[in-house]
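Peer 1: Make the full structure from the sequences, and use the hints.
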Amino acid sequence: MFSKILGSTRLIIFFILVFLFFLFLFFTNFFYSKERQIKRGLTIRRIVIRQILNRLIGIRIQVNGTIPQERCILMANHRTYYDAVAVLKDVLAFPIGKIEVQSWPLIGYLASLTGVLFVDRSNKTSRKGTIGAMLQKINEGYNIFNTPEGTTHDEPTTIKFHPGTFVAAAEHKIPVVPIAIEYRYKKDAWIGDDTFIRHFIECFGKWKTEVVITYFDPIVSDDADYLLNTTKSLIDNELIRIRNEWNIE
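When we follow the working numbering, the leftmost residue of the sequence shown carries the number 8, and every step to the right adds one.
Since the hints were derived computationally from the structure, they do not count as laboratory data.
None of the values given here were measured: they were computed from a predicted structure.
No residue lacks a Cβ here, since even glycine has one placed at the ideal position from N, Cα and C.
Just so you know, not all the hints are guaranteed correct.
Simulated DEER-style distance windows between Cβ atoms [said to hold, decoys possible]: (1) 254 x 25: 28 to 38 Å; (2) 106 x 37: 19 to 29 Å; (3) 33 x 236: 42 to 52 Å; (4) 254 x 72: 18 to 28 Å; (5) 10 x 180: 30 to 40 Å; (6) 63 x 158: 22 to 32 Å; (7) 143 x 106: 15 to 25 Å; (8) 133 x 167: 11 to 21 Å; (9) 15 x 227: 38 to 48 Å; (10) 146 x 200: 37 to 47 Å.
Peer 2: Spelled out as structure tokens, the structure:
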């Protein structure tokens, strides 16, 4: 019972925070250019995640490796909707998100205001357009955060990677930074037909949600297959190590 009360309370606080964040950006953006609006959105988003959100919902993150300082494409495995949030507390980046999120009430619009690049992975034109937008942002000096699996799961290692971003990285010699993300409890993964609200209440009904994020050194190559396979191997080995340490089956 306590966990449901705690999870529900945190959910209400989360929506209030999202609403206030939305109002702040919506009304203050009138005083800034389009380019400045996005940069403000990224910066304020990181402050909100770091100083407010993670504390309110009980996130405890252990970071291994070196957080990248130069422009790159961050490639991570995908457990839940919180993966990007966990990384974006440390890195100013444009996340690539699935098109369905854009239709979520308030959250979708706020995501657009803070630089999310939406993609319909089943649509070739959408994929091509997102790659183009990604390259533009990198040329402007920003990072990109991507989950090449394209969907969440609770398998012990990564599933098949979509190659598009690796091909672009190889063609333009953009550094790729592999990231392994793991949660202490298997149920923290958001999978199947589970709804956002039900999962949020269960996941954040715990007093704390423990996450490990491991950053690897940047990889640069003109071989897309090498980038993909090396990234996958590094993440897989690290997930196995973390799961063994936490005794996750």
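Peer 1: Next step is simple, just say for each hint if it's right about the structure.
Peer 2: Cross-check of the supplied hints:
1. 254 x 25: 28 to 38 Å: holds (35 Å)
2. 106 x 37: 19 to 29 Å: holds (28 Å)
3. 33 x 236: 42 to 52 Å: holds (44 Å)
4. 254 x 72: 18 to 28 Å: Roughly 23 Å apart at Cβ, these two residues keep to the hinted range, so it holds.
5. 10 x 180: 30 to 40 Å: For residue 180 against residue 10, whose Cβ atoms are near 48 Å apart, the range 30 to 40 Å is violated.
6. 63 x 158: 22 to 32 Å: Check passed, 27 Å falls within 22 to 32 Å.
7. 143 x 106: 15 to 25 Å: holds (19 Å)
8. 133 x 167: 11 to 21 Å: holds (19 Å)
9. 15 x 227: 38 to 48 Å: holds (47 Å)
10. 146 x 200: 37 to 47 Å: holds (39 Å)
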